[in-house]
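Engineer: Here are the chains, one letter per residue:
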Amino acid sequence: MPQFRIPGPLRRLSEGHTTVDVEATDVVGAIVALDAAYPGFKDRLLDENGDLRQFVNLYLNDEDVRLVGSGLGAKVGEKDEISIVPAVAGG
Amino acid sequence: MPKVIGLRCRECGAEYELQATHVCEMCFGPLDAVYDQALLKKVVSRQRIEQGPKSMWRYRDLLPIEDSVNVVTLGEGFTPLVKADRLGAELGLRNLYVKNDTMNPTNSFKDRVVSVAISWARAHGFETIACASTGNLANAVAAYAARAGLECFVFIPVDLEPAKVASISVFDPNIVAVRGNYDEVNRLCSQLLESTPWAFCNINIRPFYAEGSKTLTFETAEQLGWKLPDEIIIPIGSGCQFVRHRQAVRELLEFGLVRGDRVPAFTGAQALGCAPVYNAFVSDTPDRVLPVKPNTIAKSIAIGNPSDGVYVNRIARETGGVVEAVTEEEIVDGIRLLARTEGIFTETAGGVTIGVLAKLARAGRWNGDETVVAYVTGHGLKTADVLASANGHSSRRVEIEPTMKSFREKVTI
Ligand SMILES: Cc1ncc(COP(=O)(O)O)c(C=O)c1O
Ligand SMILES: [Zn+2]
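So the protein lines, in turn, are chains A and B. For the first sequence, the numbering used here begins at 1 and goes up steadily by one. For the second sequence, the numbering used here begins at 1001 and goes up steadily by one.
Be a bit skeptical, because a hint or two may be false.
[Stated by the list, open to error] Only pairs whose alpha carbons sit at most 20 angstroms apart, straight line, appear in this in silico EDC-like list of lysine to aspartate or glutamate:
1. A:42 x B:1025
2. B:1042 x B:1385
3. B:1293 x A:48
4. B:1293 x A:62
5. A:42 x B:1328
Hint data in this document are derived by calculation from the structure and do not stem from the laboratory.
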């Protein structure tokens, strides 16, 4: 099953779990499944229009999902890992 | 009495105890340091500032470091605000200023943020300082960690300019060169956060780090005789400093350091080769900054996934500023223009700032009497290679024999 990686500051929502396995075939589906297991994730990750919130990054394995052609519609499979990474300042 | 009382989420307003964290548990938004406003109202004054050291620490009351803390300093800040008459004449601006932040201890504005970050980290018991960096931050972190006697890990993209790598290495930090771009380095560090007890300047202690940027704007106001300019041009990487400069203006007005309520126009500068904020600004949806893969000589600001991009666009619009972008050629032209007219040698990020300044001026943005300040944030020796590769030797260079004859033949005076 695809797996979510939850960063430290957000683990209160996942009851302390570092990873959460979800049943899904695409990224949006995975978010919905994560939200079903731990309610609250969907509203925090997605805005009213269903777009990823600006200050959250989602990586499908090593790719930023915003840079993947199909975006949130990107397919996910058995061994895929989706990481939530809060936006970082620079330079 | 402590002046910093906690952290607050910029999005939902949730409050947190003072700690090394940067993300809101409630909404995943960014956290900012919160001050005891009533206390600050009592202590902050022009007089106290003017009596302070000739460094950015003269604004200590407005920085998140308590009075009891021994700060880690190399004399950063209070850099020259240069009245740029010759550059102004070329651009039709009679009141143009350059804030020359190349004059910092490690030659970029990052010394301001790092001095605050490392002071905070050491005071809160951290033994190792780390950062993800496009070069300048790593340079500052390595130097200040050496000064503080702390362990240091810097993470940089593997293709960083050789001059930058040399000026980091000399301080003997642990350097991790990552085969990837800055956004990938950042992502790795975000993940490392959990398995290390380190203070990552731009990640978990970012709420304190970011505050240091404000001093650039405090100084600008003080150096203008406690006045605000009409417009400020700021280079944008993550957009972090841009947002803090807006906050600095708010504080200058709030604490009566500057009179009135007029806010300068905030204008952002990007390289077209990495312009996610500019792309959004000129689109129909400035609130949606889409990441890009950077490809520009302006590596210090080559951040494809800028954390504060949306806030930059909001501030630019609200204050009557714009976000503009320039080509690689315009960046090099900007470096040369500033050097030729004002004797200031800036790196590519400053080339972006001056390039944008020139582009806007030539497009008729100003009538000529406005007070415009350009923030030049890093020194030219950091990226000197872009000049060499642009056209080899200077067109005004001649090579001669060590004889009078040869001189007379080859040189016209
Ligand atoms: C010289 C220089 N100018 C500007 C910036 C951009 O600052 P920020 O990331 O806060 O937008 C950086 C670093 O990112 C830098 O090194
Ligand atoms: Zn929040």
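Engineer: Which earlier hints can't be squared with this structure?
Structural biologist: 2, 3 and 5
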